[in-house]
Structure formats: structure tokens, C-alpha cells
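Colleague: Assemble the complex: chain A is given as a structure, and chain B must be docked to it using the hints.
One line per chain: the protein sequences are A and B, in this order.
Numbering-wise, our numbering puts 137 at position 91 of the first sequence, and it's gapless, one number per residue.
Numbering-wise, our numbering puts 44 at position 19 of the second sequence, and it's gapless, one number per residue.
Warning: the hint list may mix true and false statements.
[Said to hold, decoys possible] Beta-carbon label-pair distances, calculated as ranges:
| id | chain 1 | residue 1 | chain 2 | residue 2 | range |
| --- | --- | --- | --- | --- | --- |
| 1 | B | 39 | A | 55 | 42 to 50 Å |
| 2 | A | 162 | B | 94 | 40 to 48 Å |
| 3 | B | 66 | A | 105 | 21 to 29 Å |
| 4 | A | 103 | B | 108 | 41 to 49 Å |
| 5 | A | 62 | B | 43 | 30 to 38 Å |
| 6 | B | 96 | A | 74 | 27 to 35 Å |
| 7 | B | 136 | A | 59 | 27 to 35 Å |
| 8 | A | 109 | B | 136 | 28 to 36 Å |
| 9 | A | 101 | B | 136 | 34 to 42 Å |
| 10 | A | 62 | B | 79 | 33 to 41 Å |
| 11 | B | 108 | A | 109 | 37 to 45 Å |
[Said to hold, decoys possible] Just so you have them, the derived chain A footprint on chain B, three or more residues with Cβ under 8 Å:
| id | segment |
| --- | --- |
| 12 | 68–78 |
| 13 | 127–135 |
Please keep in mind that the hints were generated in silico from the structure rather than gathered at the bench.
Note that CB positions come from ideal geometry on N, CA and C, so glycine has one too.
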Amino acid sequence: AQKVTQAQTEISVVEKEDVTLDCVYETRDTTYYLFWYKQPPSGELVFLIRRNSFDEQNEISGRYSWNFQKSTSSFNFTITASQVVDSAVYFCALSPTSGGYNKLIFGAGTRLAVHP
Amino acid sequence: NAGVTQTPKFQVLKTGQSMTLQCAQDMNHNSMYWYRQDPGMGLRLIYYSASEGTTDKGEVPNGYNVSRLNKREFSLRLESAAPSQTSVYFCASSELVGYSNQPQHFGDGTRLSIL
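Extracted from the complex, chain A is given alone in its bound form (with noise of 0.2 Å):
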């Protein structure tokens, strides 16, 4: 089975806070993708990264990171001193590539809100 869970419906943290978003993935594939996509109230989906199974680096962008480890089958990100723009709905994205296509499973997502 290939299956994205993201087991934290919402958190709300107040401004400066830094918060963690978990993301757990299954699949047999031994080569596969993962996205990270921002969701704000607007409505819009908003690519923010994408790490293939063989880049096991973690990757800092600005006040963004994300961890990758494959042991455990996790691509968690952190949002440091968190502002009330990230308010949003954040969506972690399985792509294998067995199946002949560039195929998106998408967790149900974590609402974050950050409150001033």
C-alpha cells in the first residue's frame, strides 16, 4: 500500500513558537519522491520542496526545514519562530514512481494556525 499520514489534524501555537509537522509514509517502491505543499486560507496550493529517497540531507530554507529519514520513514517539517502567515493548511505528498506517471498521494493535512 502507498499511503501518506499526517496524524496531527491542527495545532495552533502562538507567534515565535516553533513548530514541528509530522509526516509518515508508506511504500515498496525503493525510489520515490516527497513534496511539502502550503495550503493559506486564500485557497491556493503552494509547492514549497521536493526530495527524492536518495537525499537523505536535511534542507534549511530561511525560517523552513525539513528532516528526512528514511529509517523511519518520515519527512517532518519544522517552521522556526513561527509567524502568523504560515497560517495555513500544510500537505505532505508521496510520489512513487512505479505507475508510469508523476502520481501525487497526498496526506489529509495539518491546519496549523499561529496566533499573534
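Modeller: What follows is chain B alone, placed relative to chain A:
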């Protein structure tokens, strides 16, 4: 840069009516997709078109048809709308580069209500 453009943004239909959701991308991408987003369920793939001239079913194709009109345009049709098809519909596109799964770029969505 427009990216992926969906029309309309909102629509209300009565049960049994038909309608077509339009999608166009200006990024010269080969692959296009239609998803639906329901509360608490993330996005689910309805149909996709890996390249111009091909279309295939995704996870939830029942009740829908698609047309890849040309490389830019990919439409989704509801032949006889049902209340269960009330959802937010997203179109996306991506480059096709072998098995190097490229990011999909999404339109702003169409909020569809069926009464």
C-alpha cells in the same frame, strides 16, 4: 506569469445538470491533472493526462470525463452532477522528465456546489 488558470472559480449546480471545468497552463508542461479536495481527505486524483493525446483514470474517476484539448488545456466534465460531487476541484500541471517526478503546479481551484 499566469501559471495554471481554472474557470470558473465558483459554481452552483442542480442535481442532474452538466458542466465543464476549464483548465489552461502556460508553462509548456506535458502532464496535467484533475483533483478533488474534500474536507479532511487531502486531494484525490480524478484523471490525469501524462502527455498530449493521452488520458487515464486516477483514484476517483466515476461520474467524470476529461478532454485534453491540446498541450495547454485539460477540461473536466460532469455529465450528470450529484450532491456527492460537491467539492473543490484543482487542476495541476507538471513537466515530464523521465521518472524524475517533478513538482505539480496547481491552479486556484473551482468551488463547486451541487444542490
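Colleague: Are the hints correct? Go through all of them and say.
Modeller: Hint check results:
no. : hint                      : verdict
1   : B:39 / A:55: 42 to 50 Å   : violated (33 Å)
2   : A:162 / B:94: 40 to 48 Å  : holds (47 Å)
3   : B:66 / A:105: 21 to 29 Å  : holds (28 Å)
4   : A:103 / B:108: 41 to 49 Å : holds (47 Å)
5   : A:62 / B:43: 30 to 38 Å   : violated (51 Å)
6   : B:96 / A:74: 27 to 35 Å   : holds (33 Å)
7   : B:136 / A:59: 27 to 35 Å  : holds (28 Å)
8   : A:109 / B:136: 28 to 36 Å : holds (31 Å)
9   : A:101 / B:136: 34 to 42 Å : holds (37 Å)
10  : A:62 / B:79: 33 to 41 Å   : violated (49 Å)
11  : B:108 / A:109: 37 to 45 Å : holds (42 Å)
12  : 68–78                     : holds (count 5)
13  : 127–135                   : holds (count 8)
When held up to the earlier numbered hints, the structure conflicts with 1, 5, 10 and fits the remainder.
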